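2 protein chains.
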Amino acid sequence: MPYRESLLLTDLYQLAMLQAYADHGLAGTAVFEFFVRKLPPRRGFLMAAGLEQALEFLETAQFGEEDRAALRRMGQFPASFVESLAGFRFAGDVDALPEGTVFFPDEPVLRVVAPLPQAQLVETRLINLVHFETVVASKAARMVLAAPGKELVDFGLRRAHGAEAGLLAARASHIAGFAGTATLEAALRFGMPAYGTMAHSFIQAHDDETSAFEHFARSRPKGVVLLIDTYDTERAAEKVAALAKRLARDGISIRGVRIDSGDLAAHARRVRAILDAHGLDDITIFASGGLDEDALAAHTRDGVPIDGYGIGTSLTTAADAPALDCAYKIQEYDGVPRRKRSEGKATWPGRKQVWRRATPAGRFAGDTLGLTTENHAGEPLLRPVMRAGRRLGPPPSLAEIRAHAAEQLRHLPEALRRLEPMTYPVTVSEALRALAEECDRRVAAADR
Amino acid sequence: MPYRESLLLTDLYQLAMLQAYADHGLAGTAVFEFFVRKLPPRRGFLMAAGLEQALEFLETAQFGEEDRAALRRMGQFPASFVESLAGFRFAGDVDALPEGTVFFPDEPVLRVVAPLPQAQLVETRLINLVHFETVVASKAARMVLAAPGKELVDFGLRRAHGAEAGLLAARASHIAGFAGTATLEAALRFGMPAYGTMAHSFIQAHDDETSAFEHFARSRPKGVVLLIDTYDTERAAEKVAALAKRLARDGISIRGVRIDSGDLAAHARRVRAILDAHGLDDITIFASGGLDEDALAAHTRDGVPIDGYGIGTSLTTAADAPALDCAYKIQEYDGVPRRKRSEGKATWPGRKQVWRRATPAGRFAGDTLGLTTENHAGEPLLRPVMRAGRRLGPPPSLAEIRAHAAEQLRHLPEALRRLEPMTYPVTVSEALRALAEECDRRVAAADR
Chain R
683 MPYRESLLLT
693 DLYQLAMLQA
703 YADHGLAGTA
713 VFEFFVRKLP
723 PRRGFLMAAG
733 LEQALEFLET
743 AQFGEEDRAA
753 LRRMGQFPAS
763 FVESLAGFRF
773 AGDVDALPEG
783 TVFFPDEPVL
793 RVVAPLPQAQ
803 LVETRLINLV
813 HFETVVASKA
823 ARMVLAAPGK
833 ELVDFGLRRA
843 HGAEAGLLAA
853 RASHIAGFAG
863 TATLEAALRF
873 GMPAYGTMAH
883 SFIQAHDDET
893 SAFEHFARSR
903 PKGVVLLIDT
913 YDTERAAEKV
923 AALAKRLARD
933 GISIRGVRID
943 SGDLAAHARR
953 VRAILDAHGL
963 DDITIFASGG
973 LDEDALAAHT
983 RDGVPIDGYG
993 IGTSLTTAAD
1003 APALDCAYKI
1013 QEYDGVPRRK
1023 RSEGKATWPG
1033 RKQVWRRATP
1043 AGRFAGDTLG
1053 LTTENHAGEP
1063 LLRPVMRAGR
1073 RLGPPPSLAE
1083 IRAHAAEQLR
1093 HLPEALRRLE
1103 PMTYPVTVSE
1113 ALRALAEECD
1123 RRVAAADR
Chain E
683 MPYRESLLLT
693 DLYQLAMLQA
703 YADHGLAGTA
713 VFEFFVRKLP
723 PRRGFLMAAG
733 LEQALEFLET
743 AQFGEEDRAA
753 LRRMGQFPAS
763 FVESLAGFRF
773 AGDVDALPEG
783 TVFFPDEPVL
793 RVVAPLPQAQ
803 LVETRLINLV
813 HFETVVASKA
823 ARMVLAAPGK
833 ELVDFGLRRA
843 HGAEAGLLAA
853 RASHIAGFAG
863 TATLEAALRF
873 GMPAYGTMAH
883 SFIQAHDDET
893 SAFEHFARSR
903 PKGVVLLIDT
913 YDTERAAEKV
923 AALAKRLARD
933 GISIRGVRID
943 SGDLAAHARR
953 VRAILDAHGL
963 DDITIFASGG
973 LDEDALAAHT
983 RDGVPIDGYG
993 IGTSLTTAAD
1003 APALDCAYKI
1013 QEYDGVPRRK
1023 RSEGKATWPG
1033 RKQVWRRATP
1043 AGRFAGDTLG
1053 LTTENHAGEP
1063 LLRPVMRAGR
1073 RLGPPPSLAE
1083 IRAHAAEQLR
1093 HLPEALRRLE
1103 PMTYPVTVSE
1113 ALRALAEECD
1123 RRVAAADR
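From first to last, the protein sequence lines are chains R and E. So the number in this note's numbering is just where the residue sits in the first sequence, counting from 1, plus 682. So the number in this note's numbering is just where the residue sits in the second sequence, counting from 1, plus 682.
Calculated directly from the structure, the hints in this document are not laboratory data. Given the structure is predicted, the values throughout are model-derived calculations rather than measurements. Errors might be hidden in some of the hints.
In this list, chains with the same sequence are indistinguishable; a pair is considered to hold if it fits within one copy or across any two.
List time: in silico DSBU-like cross-link candidates among lysine-lysine, alpha-carbon distance up to 35 Å [unchecked claim]:
no., residue 1, residue 2
1, Lys904, Lys720
2, Lys921, Lys1027
3, Lys1027, Lys927
4, Lys720, Lys927
For reference, chain R alone in the conformation it holds in the complex (with noise of 0.2 Å):
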């Protein structure tokens, strides 16, 4: 299904807002964050991504021609307000912090400061992008803290939900430490490896499985995957084994086997033996089929003998925490700050900023939350990324964010980086405590 960018993809109340904000003369200054409210069960940290794409959007987020007509048909907003949304753009400025940033409950990951119409419309889909590949990396990162020192590759685009979920998944692991994907169009577009081995079809299509291996071998001479559970897992083992022998001869070397069903330690244990026996010790096993940071876990805690994982459906959608408790909420108005006090979703007001502290070794200690006007022990973790709509510079390269995203985990304390983690001390300073409250009482009088 074809997808051009464009601001129809939002929530209809996001117009109707639009309006009665130009109706009313509200065109102010507006401050908004987006923030996560409360972690997922069995979760003690999220990493930050999506933040390129949210910029991307920002900068280029216009109602084109095409746009205004399909509004003027719909009929429900007046002629002249479809016309005035012609010259919107996004002129405001973003603070956020840098893709690959572990952070924790109420810490803002994004601000956007510009006047209310602007900051108010592109709300869904900041939130979109910004939400999903939070959700991906966060996910992986449990993976790859998991399953040290193996290759992961993301295999999810099948059950990803559509296209863009396919290709941000893979964009989003990659950051949070996969080796690469699966997909051809994300490997392409953003410049990651792509990995590929073969499907059970392709030895479904032949009358015997060492034809197929070797086809399939011969095709791609550089050094191929071969998957052996189509019939009997160790019959195909001992199958490429002969084969590889025997290709070797051609210069044809064979990288690796995978294993997709059944239990895949043992398979694995027994296939290496089998490789083993036959000195091919350089051959790699490769397993997925239905894996998670806890079969990973229970496989490096066991020594399985497997070097490699093609993790799809679990990663790609997150199937424990599909979604994150996250907001994108008003924080201040025309230079009055604001807070919304709905029960079990109260947030706190005013501009902020993250500090984190570190132990003498380098391990994150605890954070601070605060008023941006304030100081705090540590650093500051919200950084300047646009301007006026503009963005302050080229964007870090993908090897970058993944760097930075590897020394984020490295330096996690080590009662978060289980799968059954602590909470970590998050600190909300007394200046910020001392203006929710003079928020709620200015609330209050207002209803007097």
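With chain R held as given, fit chain E onto it using these hints.
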């Protein structure tokens, strides 16, 4: 992020296999079927969706000059192979369940009959489209059954997994019985009703709540839905009541109020009482915020006075089951039925049909899974939809698909309409069992 439908949106291995098929002359006719292996927990049935997008993809899929240039730059494929892709078109046949049809494990949702390379290459994107819409339609159907007579609206774009997920989820939930979507572009693209209320930020940008309500209502005088939980839900309901009477004099109507936090049932009861006490029983109550089918069922059971629901995250991510254990598997090649025997993933070979029997009252009574060459009692469910790469006739309208889905839900056995359903009987025909055994014998013989 712009997205142009391209055959590069696939797994790298599809192209590797295509190259090997070309090298070794494997271009015979292949039969692939898409099916679900087993139901997620608590699901008694699934609802097919996504066929329209799948057929559109098959009709238009090709490698453009840009795609081939990207492949050339990538350097993993021989130049002659890349050039041969210029001529790629899908020219196969497709039979499928009409969208909105209820189905069960092992039943083919879609069958492709095409030259092997064509049937193979389209695998990833076909699954990507049909899987996701089916996931959402199936989840939405549970919500529709849990909230009879209520107006359900898709609020899920912001936490959907990217742009396409948001659009397709709007469509799939509408098929299953949702009234419409908050996603403007989905409404325009698919011709569905668009719904919208207002956000907390609109309220917060004003110094007092009543001014915010009045500004919004005056800009959208044909009936707005006002959000009343920003500070104190019941006080806001009183403000709405006073405002409604004042605005009525100017011919401005308030259609409803929305509650988005706290104990929705308790608030709804108190708000209903407040509105009714003011004689405003035509103002409806709309609820949102973390709702799923269990919350809807509880409200239905308790007679909570909520008229409509905005449902976001749990719908668009299908939070409790964001993916199905599904596959697109080769069932026949070059006239020979094929079967994979991988542990826990064995498939039924051959071209299959599903026959559905009904009780005298029209309720579904049981299905038979058999070969297309057989005849069984009941209605055959898969129908021809594409021949030689061209759709047979114009696609059904969204309204027709919706009507078919509603009829399917009406004909579900009572035990399947519950949130904790029974298992529906699907019988595998004798002929199909015999064919599976024959496939196993043939593979075993080839191994000797």
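Checked hints:
1. Lys904 to Lys720: neither (48 Å within a copy, 38 Å between copies)
2. Lys921 to Lys1027: Intra 60 Å, inter 22 Å, cutoff 35 Å: inter-copy only.
3. Lys1027 to Lys927: Between copies only: 31 Å across chains, 64 Å inside a chain, cut-off 35 Å.
4. Lys720 to Lys927: For Lys720 and Lys927, neither the intra-copy (55 Å) nor the inter-copy (40 Å) Cα distance is at most 35 Å.
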